[in-house]
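Colleague: Build the full structure now, drawing on both the sequences and the hints.
Residue numbers (numbering that gives the first Met the number 0), protein chains in the order written: chain A, 0 to 99; chain B, 0 to 293.
Just so you know, these hints were derived from the structure itself, not from any lab. Glycine included, every Cβ here is placed at the ideal spot set by N, Cα and C. Incorrect hints may appear among the rest.
Stated by the list, open to error - Here are a few chain A residues that face chain B, going by a calculated C-beta distance under 7 Å:
#1 Ile57
#2 Val64
#3 Pro71
#4 Val72
#5 Thr94
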Amino acid sequence: MTDRPQRRPRLAKGWVRAIAWISGGTAFFSALGVIGVAPKPAVSAPKAAPRRVIIRRIIKRVVIVDPAPGVPVVASAPTVTSSGGGVTSQPTSTTGGSHP
Amino acid sequence: MTRRIASFRAMGTHVRLIGPAAGGARAAASAARAVTDIFAREDRRFSRFRPDSELSRVNAARGHEIQVSEPFAALLAEAIEAARRTGGLFDPTVLNALVAAGYDRDFDELLAGARGALNPPVACGRWDEIALSGDRVRLPGDVAIDLGGIAKGWTVDLAAEQAVAAGLPWALVNAGGDLRVAGEAPDLSIGIEDPGAPSLECARLALHAGALATSSVLSRPWGEDMHELIDPRTGSPADTGILQATVWAPTCAQAEVLAKVAILGGLEAVPDLPVALVRADGDLVLRMQTGEAA
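Modeller: So this is what it looks like as C-alpha cells:
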C-alpha cells in the first residue's frame, strides 16, 4: 500500500463567488475613482451656439406669360415668395435640376 | 392614390417608379424588375465613366469608323437631330469642354472637393461632323461625345413604357427630376423645386401625360460658377441669367434637351411649349395654363 498524497482543501463554491464579486466590484469602482480624481480642465469648453438653418429662396416674383397649350397645368404657385412654401401637402413627385 | 413601387440608384441619381395604389402585386413586381433592368442596361451602354461602355468605346475610336448597337445609333441620331433643330444650343460634342471645366470624374468624387476649371474653354459645335450611317459611326479625331442627359431621358421613356407593358395601368418614372408619365394616369401632382432651396417648391403642376425635365445651374456646382451645363457658344459653363428651366414635352428625351436649351436661350428658344423659368433676378416665369390645385 502506498500513501496517497493529501489533497489541498478546496474553497467552498460560495466563497469563490464572493471573492469574484469583491474583486470585480473593486476593479470597477477603483476605475471610477481614478476618473473622479483626474484633474479637470481649467476652463470648460464653450457651449456650441445652436445652429441656424438659413433657407434662401430665390424667387421674388411670379410672372405668367401667354400660357402654352400643353399637358401640365399650374396647380399652385407662390404669389409672394421671399419666404415660406406655397404648398403644403406632399406632391406625388418633384422635378429639380439633376439630383445626384 | 399612388404608391412608390421601386426606388433605386442608377446613372448617378435616384430613380423612382410610381404607380397606382390599386395595381396588382404581380404587375408591380414585374414593372419594378423591368425598370431596374432597363436602367442597368442603358447605363452600361451610355455611361462615360465606365471604360467598357459603348459610349467610351466610340469615344476611344474617334477618328475611325466603328460599329454600334441599334439603340446607340438611334439615340445618337436623335441627339444630332436635336442639335440641328436647336441651332446647336443642344450639342452632344461638349464632352471635351465639360472635362476642361472640371467635370472629369463621377459626380460623387467631384463633389468631394470644390475645384475650378482644369483647362481653358474648349470649342464645341462639331456635331455636324459626326458621320452616322446605319450602325456605323465616325467621330472627328479630336471630338468626343457625351449623351448623359439625353440618355437619361431616353432611359426614363423606355422604363415608363415598359412598366405599363408589364401590366400597370399607368406609371411615372422619375430619375433625379427627369420624369415621364405613361399609360392612362390621373392628374399627378408634381412639385418644381426652388433652385435656391430644393426642399421647397416654387410651383406645383398637375400632369397626366408626357414628360417634364428640369435643368439648373445651381443643383450640382463643383466650384465658383462651375456646373455641368456647358454653353456650346462659349465652351464654358452657362451664364445666361437663367438659373433653372423646367420644360414639358411628349418624351423625356425631348424635355431633357429642351430644358438645357431654355436655360441657354430663354423662352424664345423653346416656342409653344409649357415652360417654367427661374431667373437670377428672382422672377419665376410660367408659360403654362393655370387651373385648380391638384
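Colleague: Each hint needs a verdict: does it hold in this structure or not?
Modeller: Checked hints:
1. Look at Ile57 (chain A): its Cβ gets to within about 4 Å of chain B, closer than 7 Å, so that hint holds up.
2. Against a cut-off of 7 Å between C-beta atoms, the interface hint on Val64 (chain A) holds, since the closest Cβ of chain B lies about 5 Å away.
3. Because the beta carbon of Pro71 (chain A) sits about 4 Å from the nearest beta carbon in chain B, less than 7 Å, this interface hint is met.
4. At about 4 Å, the closest approach between the beta carbon of Val72 (chain A) and any beta carbon in chain B falls short of 7 Å, and the interface hint on this residue holds.
5. A least Cβ separation of about 4 Å between Thr94 (chain A) and chain B falls short of the 7 Å threshold, and the interface hint therefore holds.
Checked against the numbered hints given earlier, the structure satisfies every one of them.
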